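**Student:** Sequence:
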Amino acid sequence: MSDDFNNINLEDVNLEEYDSIDVRFSEEEKEKLKKNLRKKIIKDNSKVNKRGLVAAVVVILISVLVITNGNNVFANMLPVFNKLYEGFGFKSEYLPQSVYVGKTYEENGVKITLENLIGTKHVIKVAVKIQYNSKWAKSKRPLVHLGYDFEGQSPGSTGGLGNINDNTELRVTDFMSENEFPSKGNFKFEAISDAFKQPLVWNMKVDFSKIFSETIEKQATMGKDIGVNISDIEANRLGVVVTSNKSLGFTEYFFKINNKIYPFSGEGFGVENGKCYNVSPDIGYNLIKNNKTVQLIKHTNEGYENTNRKEETKEEGLKHDEIEAKQLDAFPKGEINGVSFTKSITFKDGNKAEIYKIDRSNGKIHAYVRGNDKKQVFNMILSLYLNNGSFAENIEDIGDGYIVEFNDSFKSDKVSIKMSGGVLDCKGDYKEEQSEITLK
Numbered sequence: 001m002s003d004d005f006n007n008i009n010l011e012d013v014n015l016e017e018y019d020s021i022d023v024r025f026s027e028e029e030k031e032k033l034k035k036n037l038r039k040k041i042i043k044d045n046s047k048v049n050k051r052g053l054v055a056a057v058v059v060i061l062i063s064v065l066v067i068t069n070g071n072n073v074f075a076n077m078l079p080v081f082n083k084l085y086e087g088f089g090f091k092s093e094y095l096p097q098s099v100y101v102g103k104t105y106e107e108n109g110v111k112i113t114l115e116n117l118i119g120t121k122h123v124i125k126v127a128v129k130i131q132y133n134s135k136w137a138k139s140k141r142p143l144v145h146l147g148y149d150f151e152g153q154s155p156g157s158t159g160g161l162g163n164i165n166d167n168t169e170l171r172v173t174d175f176m177s178e179n180e181f182p183s184k185g186n187f188k189f190e191a192i193s194d195a196f197k198q199p200l201v202w203n204m205k206v207d208f209s210k211i212f213s214e215t216i217e218k219q220a221t222m223g224k225d226i227g228v229n230i231s232d233i234e235a236n237r238l239g240v241v242v243t244s245n246k247s248l249g250f251t252e253y254f255f256k257i258n259n260k261i262y263p264f265s266g267e268g269f270g271v272e273n274g275k276c277y278n279v280s281p282d283i284g285y286n287l288i289k290n291n292k293t294v295q296l297i298k299h300t301n302e303g304y305e306n307t308n309r310k311e312e313t314k315e316e317g318l319k320h321d322e323i324e325a326k327q328l329d330a331f332p333k334g335e336i337n338g339v340s341f342t343k344s345i346t347f348k349d350g351n352k353a354e355i356y357k358i359d360r361s362n363g364k365i366h367a368y369v370r371g372n373d374k375k376q377v378f379n380m381i382l383s384l385y386l387n388n389g390s391f392a393e394n395i396e397d398i399g400d401g402y403i404v405e406f407n408d409s410f411k412s413d414k415v416s417i418k419m420s421g422g423v424l425d426c427k428g429d430y431k432e433e434q435s436e437i438t439l440k
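In terms of full-length UniProt numbering, the sequence shown opens at residue 1 and continues consecutively.
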């Protein structure tokens with residue numbers, strides 16, 4: 001998959017959306033803001049480019065727009081922040097409860113900015129920007145390794161990263177632990193790079209008390225054994241953490257709430273004393289808060305036949321991928337509301353599926369999908385992703401097919417729905433089981 005953030009254009013930002021934002025900063029910052037803005041106005045005066053001036057105002061505001069509350073600095077970033085980071089997992093709804101850091105370090109043409117943190121009992125999410133000056137060609141950038149520690153805990157991490165231009169890389173990291181994090185304490189950030197004479201180490205006091213206070217923990221009782229036991233669910237503003245005796249995976253187990261199916265799109269972590277923690281940022285806090293029961297769906301393919309890719313040589317694997325890519329390219333394409341997609345495909349068993357409608361509004365993209373074999377169509381949906389790497393947030397069952405919902409984090413009008421490898425190998429011998437989970 002490729003990350004496609006090169007189409008982000010600040011000139012399309014509408015400042016009217018930000019009239020209600022409370023902006024407070026020092027007199028020194030105000031003077032600096034006015035001077036920078038004045039220089040931009042003088043420079044662009046002859047062009048009389050209103051949209052360009054609006055973009056300049058936004059760029060300047062982004063660098064200073066914070067709200068100070070005692071000793072804690074909380075993010076109140078413009079939506080532009082979210083447009084850049086959203087595709088990597090830092091959503092707009094996280095910002096009010098996140099801690100804005102804004103610390104920057106630069107050495108030998110490499111600049112690191114620790115932007116935002118948000119922490120829950122088991123997951124801390126970190127947004128970092130890395131910039132390279134013109135001396136570093138993209139192919140020769142020095143490696144930058146990041147490390148995290150919170151009150152002595154430094155477990156594994158996962159996340160997304162991508163380039164928004166030739167000089168800027170964004171990283172969103174989920175720093176996860178089966179042991180509970182405290183609500184406040186010392187957060188240690190470390191960056192190691194060939195460009196630095198010595199490791200960069202920052203220690204800072206952070207406070208996640210607000211999001212901790214809104215955490216819900218419910219015990220779960222399974223109605224039927226479908227191969228996994230779920231014991232409890234923690235819901236917070238980052239989504240849910242489901243504790244089970246094994247990983248729920250991305251393509252096997254799903255929650256169904258109010259006729260919508262939610263994949264476990266986050267990572268599972270920790271297998272200690274028979275416990276596995278499964279993360280899903282797309283199962284909202286209110287879904288768990290306001291429901292006494294949820295459905296657990298198990299989706300399996302008992303008759304799956306596939307070439308044994310493990311026995312392929314590297315050359316054979318590349319050839320297989322090339323052939324499949326050509327097959328997908330040959331299927332008819334469509335474009336609706338700036339969203340390009342494959343209109344219909346034929347699986348290797350002869351069954352067909354189609355995306356017959358696209359709706360794009362209110363920050364979401366909805367793709368309507370149907371086909372000969374509904375369960376096979378569901379399997380196909382799990383291979384769909386946007387060209388920023390985002391998979392489906394939820395899947396709604398509408399009888400003869402499904403509506404697939406994606407988060408529309410693109411600044412550009414142009415978006416592509418792509419299909420991951422292996423989609424044409426779907427055979428259609430599927431089985432579904434359901435178990436009701438009671439939450440207390």
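Everything labelled a hint here was simulated from the structure, so no lab data went into it.
From a predicted model like this one, the values you see are computed outputs, not experimental measurements.
It is possible that part of the hints are untrue.
Here are the computed distance ranges between Cβ atoms for each label pair [said to hold, decoys possible]:
hint	residue 1	residue 2	range
1	K210	N362	45 to 51 Å
2	D194	K103	19 to 25 Å
3	G363	K440	30 to 36 Å
4	N133	S213	39 to 45 Å
5	T158	E93	17 to 23 Å
6	K343	G223	39 to 45 Å
Below 27 Å or equal to it, Euclidean Cα-Cα: the simulated DSSO-like pairs (lysine-lysine) are [said to hold, decoys possible]:
hint	residue 1	residue 2
7	K91	K224
8	K103	K246
9	K357	K333
10	K374	K431
Don't be surprised by glycine CBs; every beta carbon is placed ideally from N, CA and C.
**Student:** It remains to establish, for every hint, whether it holds in the given structure.
**Tutor:** Verification of the supplied hints:
{"no.": "1", "hint": "K210 <-> N362: 45 to 51 Å", "verdict": "violated (26 Å)"}
{"no.": "2", "hint": "D194 <-> K103: 19 to 25 Å", "verdict": "holds (21 Å)"}
{"no.": "3", "hint": "G363 <-> K440: 30 to 36 Å", "verdict": "holds (34 Å)"}
{"no.": "4", "hint": "N133 <-> S213: 39 to 45 Å", "verdict": "holds (43 Å)"}
{"no.": "5", "hint": "T158 <-> E93: 17 to 23 Å", "verdict": "holds (21 Å)"}
{"no.": "6", "hint": "K343 <-> G223: 39 to 45 Å", "verdict": "holds (40 Å)"}
{"no.": "7", "hint": "K91 <-> K224", "verdict": "violated (34 Å)"}
{"no.": "8", "hint": "K103 <-> K246", "verdict": "violated (39 Å)"}
{"no.": "9", "hint": "K357 <-> K333", "verdict": "holds (12 Å)"}
{"no.": "10", "hint": "K374 <-> K431", "verdict": "holds (11 Å)"}
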